[in-house]
Every structure is written in structure tokens, then in C-alpha cells.
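From just these sequences and the hints, can you work out the full model?
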Amino acid sequence: MTTFDADGITLERVREYVWEIPETGDMRTPARVLASEALLEEIADDKTLEQITNTTHLPGITKYAICMPDGHQGYGFPVGGVGALDAENGCISPGAVGYDINCGVRMMRTNLTYDELRGREEELVDSLFANIPSGLGGGGIVEAGVDTVDEILARGVDWALENGHAVEDDLLHCEDEGMREGADPDKVSQKAKDRGKNQIGSLGSGNHFLEVQRVTDIFDDEVGEAYGLSEDQIVVLIHCGSRGLGHQTCNDYLRKIEQQHQGLLNQLPDKELAAAPAGSQLAEDYYGAMNAAINFAWVNRQLIMHRTRQVFERVFDRSWEEMEMDLLYDVAHNIAKKETHEVGVGPEGRPVRDGDAGEREERELYVHRKGATRAFPAGHPEVPAAYRDVGQPVIIPGSMGAGSYVLRGGENSMDLTFGSTAHGAGRLMSRTQAKNEYWGGDVQQQLREQNQIYVKAQSGATVAEEAPGVYKDVDEVVRVSDELGIGDKVARTFPVCNIKG
Amino acid sequence: MGFELRAHTADIAVSATGASLEATFAAVADGLAAASCEEIPVDTGERFSLAVTAESREALLFDYLDELIYLRDVRAELPVDHRVDSIDVDPATDGADEWHLEGSTRGVPLAEIDAREVKAVTYSEMRLERADDGWEAYVVFDV
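These protein sequence lines map, in sequence, to chains Y and S. The numbers in our numbering rise by one with no breaks, and the one at position 384 of the first sequence is 389. The numbers in our numbering rise by one with no breaks, and the one at position 115 of the second sequence is 118.
For the record, the hints were derived by calculation from the structure and aren't laboratory data. There could be a bad hint or two in this list.
Unchecked claim - A few chain S residues facing chain Y, derived, Cβ under 7 Å:
hint	residue
1	S127
2	V143
3	D145
What you are looking at is a predicted structure, and each value in this text was computed from that prediction instead of being measured. Built from N, CA and C at the ideal position, the CB exists for glycine as well.
If you want it as C-alpha cells, here you go:
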């Protein structure tokens, strides 16, 4: 058997790109890492393996905890982690969703070609930067009272439609049509609402961005056509989340769980994994609050996208409808959803790890995806009708100097990853190290002169921290996803303009 | 005595020491400000008071940092130059202790600085321990 040793943790190779940390001690299942050897070397370089092992201690975890090819150390649950916990006998963990609830990416198509945009990059990047609120304290596209925040939390993109920030077609190309059922604004604290009300329609800072890109490659003509993508086409990628409202919601519930479910917390190796037992009031409350924060994040991305349409209208002197600026899809990176999956069950009717399973049955699970993307295959009823025949679009952003990818949910994703794949290139280097190795001005100049990429940011430090060299090789991450059949390559894009907070 | 920013793949960690618990809490908070902004102006912003209560020493540190992040967003000011005047503990009647912090901070208007958003304080790897000459703390922040 081929093994890989890393600081006291031994991984066994199950098959190509699939590595397993066997169940020992208080682990409730094995953990799996989906990676090539090159990516595994990088994953083993920080505390990712320890963190994915820790997540298997969560009660009700089924099958195995999974680390995606872009996985890296986070807090508690690793970034790039997937954990499916039984929704009847398991638990739900805010830390396994992350602070930025429904941080995610959406892609908007256009019918513009790269040739039509060339020469206008500077005007476009300046106009986007001036019109899309970004950075800390940059405000939002709408100023709202708490009543409006409540409506957004309850109704999601439907609120944006009624208020002139969306069209019907946007809803049809968003997961859950842009509105999570079970969202409960009353379960979101006043503190969280206070933080969110001035941030509706804002990018934030850090690794969040808006990027204009050109499609450079189509790998699958049929699916590319179904997604409306063609070579040389201009698309827009928006990466942000639920801002302070989501961050506060996560912390509020971590603290409540600490106070009310100390017994369960004491069984866990990292306090950040704090979880509310399924069926408890707190589990229900957190699920309602998280779904509301998901709606907030969708509205946030929707407002930014609609404002982007208006910016393009001014720069190109054409209506956005004429430029066919339509939403391709919106994917979440930090989310837990009740989903039904087939798992092995033991004699007591509870989900067990595969090796112990006598029977298999459909069970409702809280599927936690933190730094991972849902990747449902063709035919799945939860894939929007527009894409059901070809599979759910998956959007994998690379760094601002590398390409991004559009994939489609692969046929093996339900079996291997509870219908999930990677979420990006994954960080390789700390921000501290990045600032020692790069200077923002140099990075900006190099991108412009060598790659014709126009970057504009609130601060040079952010550019240094997000330099292309800080990230893993997105090509390798996507290659592993494609080879495993959890997310199949459809198209590749390359940056043209990028604005950052 | 003071703080250092420590490398973390995705986020930022602050390691801090102080002769007293109060000084250590303030040093972690100064680390949070340093993680948010490269150059903090020395002569702008008004000082304001804040008070936090929690059920344990670690929870108090968590809630103190969470409060500073909350105040940053709602006041549109980066809290810097932290002072923790007192940390007291009252044994509560139901057996659980009640820890109470009083302090102050200077709020620098966000419009005047290039600040980056620190999203949240985390419990991950958090340490708050007695040292030979005071206290040591280690806190990871989500960026």
C-alpha cells in the first residue's frame, strides 16, 4: 500500500488522487484528502490534515470528512472541507460553515468580445472602482433601515427584483432561485443587522474582488453552449459574501453553543468546531439565521452585479440587455444545507461509516461546505431547470494573475464528495510572508505590462497579499477535480480588469 | 511586552504578552488594529469607553475583540490605542463566574485610513495563559 507521512499523520492511498486518514482514537469516521501528490505536499505543509482529522470528531458525521484539492489551514474546520452530518442524530457547526456565510462567486456573461474591450480597460477599471463600494467602511449600494434588512434576509433576490436591482431571469439562474426557504430574520441578532445595514451591495476587502475576464478555452463544446460561453467572450466574476452581518451571526451562535452545549463542546478537539445537536432549539435557530445570511449574501452579489451592468452601459454606450449581460450562475463557498444523500446505516438505523454499513438508505444530512462548492451532476432535481440536462455550473476563481475555470458538476460527485468540489486555487502562503516577498505596486505594474491585466485596489498591501504567487496552481486543482469526475472542465477564463477592496 | 503578528496560511494570528491581564488584552487588541492597518495615524479620532461581560476569562477576551470589530463597523472607525482599565470577576449566584472588562479605545475614522477588514475573532488555537512575568495570549483572526 502506498502511504504518505506528514508530521505524525499517515495517509493511505485508496486510489489515484484519493488519500485516507484511517479512523483512530476518537475519530468517528476516516478522513479523506482528494489531491495529487504535488497538491498533497502543499496541503501537508500547514495544519490542514490535523484540522480535517479533527472534524471527524463531530457527532453524526457520515462516511468521511473530505478535504478538497485546494484545501488549506483555516480555523477549526479547514478551508476546502466538506462534512456531512446527520440532520436527525448529528449536529450543525457554525465554524464548519465559516464566518463569511455564503461567501461565494457569481459569473455574468456578456456578448462582448475581448477585441471590443481592448483599449477601454483603464476607463472600465476606473469606472468599476468608482461605482462598486469596496474596502473597509466603503458603504453599500443601498442604505437601509433594519426593516429593509429584515426583508432582504427573508426574501433574498426577490427583494432585489421588487426594488429594481434584478430581473426575473437572474432568479432562475441562481441556486434556490435566490431565496432560501427556512430563512428566519428573527434569529439574526440586532448587532448583526446593525453591521449589515450599511454594507448591502459592497465587496469588502481581503480576497474579495470583481474581475472582468475573457474566455480563453472551451473544453466541452456542448456544455459550453448550454452555459452560453464561447471563446474570446467577456464575462464578469464577482467574489464576496454576507459581510459583517454573516460574520456576526457566526460568532453569536458560536458563543450561544458554548454556553448551552458545553458537554458536546468538551468532546471536540478544537473549540471552533462548536456544534449544536440536531433537533435542539439552537440548531434550528442557527439554521434559520444562516439561511437568512445566505439570502443577504445573494442580494449583496446581485446588487453589485446589477451596478456592474450600469457601469458597462456607460462605458460601452449600449444597454446591458443589448450586451446580453445575464447571470450564468451563483455558487456558495461557505454554507451548510439540508440535503438528502444515500449513506450506510447501522442496525440502530443511524448513519455509520461505509465499512460498518449493513444497509444503505437516503438520509437528510447537514452538508457543510467550507471553502468548497456544491457540484451536482446532470439530472439532479436541485439543479436549476436551465442546466438540469448538463449539470450545475461550478465556478472556480484563480488568482488575479491566473485563469479561472467554469466546471460542471461531475457524475462521481454524489458518491465521492456529497456533491462537492473545490472552490478556488487555495492559499499557499501567509499574508505576512506575501508582504515580505511582494510589493503591491510591482505586482500591479507586472500584471499590466506582462499580462495586460488592469488591477485597482484600495491598498497596495492587499495587492501584495493577493499576488498570484500566493496561491496554489489552479490548473492542477481543476485537473484533479476533472480526473476524479467530481467537477468536469468546461471553460477557462483569463483576467482583464480586477478591482479589490 | 506587547504583540507580534504571526503568519497563518489563510488568516492572521496575534501573539501578545503583558505584565497584567489588562495589559495583555490591550496588546491583543493593538495587534488586531495592526492587522487591519499598516500605518495608524497618531493624532486623529476621539477616545471612547467600552465595557464587556462574559462567563470566563477566555470568553471575555473573545467578546472584547468581537465588540471592537462590531464597533468598527457600526461607528465606521478603526479602534486603536487600546486601554483596558480593569478586569474583575464576580462569582455569580448560580455558580458561574461573571467576568467584567472596562476600557477605552480611540476610534480613527475609516475614511482617513487604508484599512483592511478583519472579519472576526476565532476560538481556533486560542491560548490565554499565565507566564513567569505576566500573561501570554495567542489569537487567530479571520481575514
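Each hint tested on the structure:
no.: 1; hint: S127; in the structure: holds, 3 Å
no.: 2; hint: V143; in the structure: holds, 5 Å
no.: 3; hint: D145; in the structure: holds, 5 Å
In summary, the structure agrees with every hint in the numbered list given earlier.
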